[in-house]
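Spelled out, the chains give:
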Amino acid sequence: MIEFKDVNLVYPNGTQGLKNINVKINDGEFVVIVGLSGAGKSTFIRSINRLVTPTSGSLLVDNEDILKFRGKDLRKLRTKTGMIFQNYNLVKRSNVLKNVLAGRLGHTGTLRSIFNLYKKEDVSLAYESLKRVHIDEKIYNRADELSGGQQQRVSIARVLTQQPKYILADEPVASLDPPTSHQVMNYLRKINKEDKITTLVNLHFIDMAMEYADRIIGMRAGEVVFDGPVSEVTEKTFEEIYGRAIREDDLRGGAEQA
Amino acid sequence: MANLTLPPKPKNSLYKKTKTIIILILVAALYVWTFLSIDIDWARAMERAANNFHRVIPRLFDPDWSAMGDVSDKMFETVLIAFAGSVMAAILSIPLAFLAAKNMMGIFSVIGKWILSAIRAFPDIILAVLFVVAVGPTAFAGVLAIAIGSCGMLGKMFSEIIEQIDMDIVQAMQANGANRIQILFTAVFPQIIPEFLSYAIYRFEVDIRASSILGIVGAGGIGTMISFASSNRNWNEMGMILLAIIIVVSVIDFASAKIRSKIV
Numbered sequence: 001m002i003e004f005k006d007v008n009l010v011y012p013n014g015t016q017g018l019k020n021i022n023v024k025i026n027d028g029e030f031v032v033i034v035g036l037s038g039a040g041k042s043t044f045i046r047s048i049n050r051l052v053t054p055t056s057g058s059l060l061v062d063n064e065d066i067l068k069f070r071g072k073d074l075r076k077l078r079t080k081t082g083m084i085f086q087n088y089n090l091v092k093r094s095n096v097l098k099n100v101l102a103g104r105l106g107h108t109g110t111l112r113s114i115f116n117l118y119k120k121e122d123v124s125l126a127y128e129s130l131k132r133v134h135i136d137e138k139i140y141n142r143a144d145e146l147s148g149g150q151q152q153r154v155s156i157a158r159v160l161t162q163q164p165k166y167i168l169a170d171e172p173v174a175s176l177d178p179p180t181s182h183q184v185m186n187y188l189r190k191i192n193k194e195d196k197i198t199t200l201v202n203l204h205f206i207d208m209a210m211e212y213a214d215r216i217i218g219m220r221a222g223e224v225v226f227d228g229p230v231s232e233v234t235e236k237t238f239e240e241i242y243g244r245a246i247r248e249d250d251l252r253g254g255a256e257q258a
Numbered sequence: 001m002a003n004l005t006l007p008p009k010p011k012n013s014l015y016k017k018t019k020t021i022i023i024l025i026l027v028a029a030l031y032v033w034t035f036l037s038i039d040i041d042w043a044r045a046m047e048r049a050a051n052n053f054h055r056v057i058p059r060l061f062d063p064d065w066s067a068m069g070d071v072s073d074k075m076f077e078t079v080l081i082a083f084a085g086s087v088m089a090a091i092l093s094i095p096l097a098f099l100a101a102k103n104m105m106g107i108f109s110v111i112g113k114w115i116l117s118a119i120r121a122f123p124d125i126i127l128a129v130l131f132v133v134a135v136g137p138t139a140f141a142g143v144l145a146i147a148i149g150s151c152g153m154l155g156k157m158f159s160e161i162i163e164q165i166d167m168d169i170v171q172a173m174q175a176n177g178a179n180r181i182q183i184l185f186t187a188v189f190p191q192i193i194p195e196f197l198s199y200a201i202y203r204f205e206v207d208i209r210a211s212s213i214l215g216i217v218g219a220g221g222i223g224t225m226i227s228f229a230s231s232n233r234n235w236n237e238m239g240m241i242l243l244a245i246i247i248v249v250s251v252i253d254f255a256s257a258k259i260r261s262k263i264v
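Chains as they are written, first to last, in UniProt numbering: chain A, 1 to 258; chain B, 1 to 264.
Quick caveat, the hints were computed from the structure, so don't treat them as lab data. Glycine included, C-beta positions come from ideal geometry on N, C-alpha and C. Heads up, a few of these hints could be off.
[What the hints assert, rightly or not] Using 30 Å as the maximum straight-line C-alpha spacing, the simulated DSBU-like pairs for lysine-lysine come out as follows:
id	chain 1	residue 1	chain 2	residue 2
1	B	Lys102	A	Lys76
2	A	Lys19	A	Lys236
3	A	Lys72	B	Lys102
[Stated by the list, open to error] For the chain A half of the interface with chain B, some residues (derived, Cβ under 7 Å), not all of them:
id	residue
4	Arg78
5	Val91
6	Ser94
7	Gly103
8	Gly109
9	Ser113
10	Ile114
11	Ile139
[What the hints assert, rightly or not] Just the calculated beta-carbon pair ranges, DEER-fashion:
id	chain 1	residue 1	chain 2	residue 2	range
12	A	Gly253	B	Ile193	38 to 46 Å
13	B	Leu197	A	Gly148	24 to 32 Å
14	A	Gly148	B	Ser72	53 to 61 Å
15	B	Arg180	A	Val123	53 to 61 Å
16	B	Ile263	A	Leu117	24 to 32 Å
17	A	Thr53	B	Leu80	49 to 57 Å
18	A	Pro12	B	Ser250	51 to 59 Å
19	A	Asp6	B	Ile193	44 to 52 Å
20	A	Val123	B	Pro194	23 to 31 Å
Here chain A stands alone, though its shape is the one from the complex:
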């Protein structure tokens, strides 16, 4: 369970990234956070694994206040929160298997990882993860030989290999075309249901949020302006979140092709 209690984050340049956030994410939920760029979606999600640090309030992950974590505690927290990025962030010159095994780093001793001596179970887990996202035939290809969609699937496999309790996905489909976007969202959704991994996804496409989310959190200017199950959401809700009428480019489209 993740719980934000009066969380604020002010960046050194004075920008208020988060403003009085009070949100509770229950185990197993698939939450989509929507909002315009600059609304604080990224800051929200990155607070949970402390890539950014809120300046006040408390943030509980499994009933521990993570805002005080440093060093070892912090690495333990990050080991149970896997992250997926907009730009995949794979090591381009390394092969797919090596990239996926990097998901085990938090569970692996320093010496073993330096000499690439991952345990047999880890290698098998990595291969299973690649199979689950159907990219196992590329196992020995260099990451930079793959297309964007394939790279994002490798990064999903990396997160699966990490066996996290939470998955944080920061705009995972923003660099992909519509069919590939749906493919990636379908995998995330499937993993959420099959492995019971709590998943938080940042999106700015309204139709995708509606299609995949259990619950939607709307953000504007660092504040949560909507929080509720997807059944309560209408086009009007989005107009309130975005503070303007809905436009063509707020939709990803292409659902029927997936």
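Based on the hints, put chain B in the right spot on chain A.
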């Protein structure tokens, strides 16, 4: 042909034009002034060149093949000095490069940059003189001179490579729960190793040339023979030495270019 739409001409203001002209005049003036002030006695220079030409140049083109054994021994030593020196430099410069990289050390990187600049301030030949005094007139002095001389430049190059890596990948590894050493090995090294190797090989190429002359101050290698041949006016032997240097340098240049194009 008639209705081609051409892009508008760039706006070359009068200010820009006069600036260019003034700079050209200044450079020309500097050049003329330098030549006038070094006071060359052209007549004497011509005369000397004319007198010595037939005694030196033809003999350079008639190498003393009997010296081939000695020359190839010494040339081999030169290559070994360059190799040992470059390897030592490549290893030494890695920690210095990390120390000088802003994205690794923050503001402390200034210290690393100072150290590297200080090292680069010494010409190879001066380092060779210093090491000949310190460890005696042997090839080891040459190796040390090359190692220290090269690690200044390699360290700077390496630190620039480190500063250009994709920090998002570092962040991705942090988000996996990796510790600093794991991040170094899994996210930083794969991004820098090919470029590092490429620069190290290029530097080896430069070091072969450098180590050919270090022997002039007694630091081993073929330079010792150059120094003897020129003081004995033994131009046939000098021809042999030059031939050996030209062949080895060309071969290494060619091989290094091939290897480097494969790496990156």
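Hints and how they fare:
no.	hint	in the structure
1	B:Lys102 / A:Lys76	holds, 28 Å
2	A:Lys19 / A:Lys236	holds, 23 Å
3	A:Lys72 / B:Lys102	holds, 25 Å
4	Arg78	holds, 4 Å
5	Val91	holds, 5 Å
6	Ser94	holds, 5 Å
7	Gly103	holds, 6 Å
8	Gly109	violated, 9 Å
9	Ser113	holds, 5 Å
10	Ile114	holds, 5 Å
11	Ile139	violated, 17 Å
12	A:Gly253 / B:Ile193: 38 to 46 Å	holds, 43 Å
13	B:Leu197 / A:Gly148: 24 to 32 Å	holds, 29 Å
14	A:Gly148 / B:Ser72: 53 to 61 Å	holds, 56 Å
15	B:Arg180 / A:Val123: 53 to 61 Å	violated, 24 Å
16	B:Ile263 / A:Leu117: 24 to 32 Å	holds, 26 Å
17	A:Thr53 / B:Leu80: 49 to 57 Å	holds, 54 Å
18	A:Pro12 / B:Ser250: 51 to 59 Å	holds, 56 Å
19	A:Asp6 / B:Ile193: 44 to 52 Å	holds, 47 Å
20	A:Val123 / B:Pro194: 23 to 31 Å	holds, 25 Å
Hint violations for this structure: numbers 8, 11 and 15, all remaining hints satisfied.
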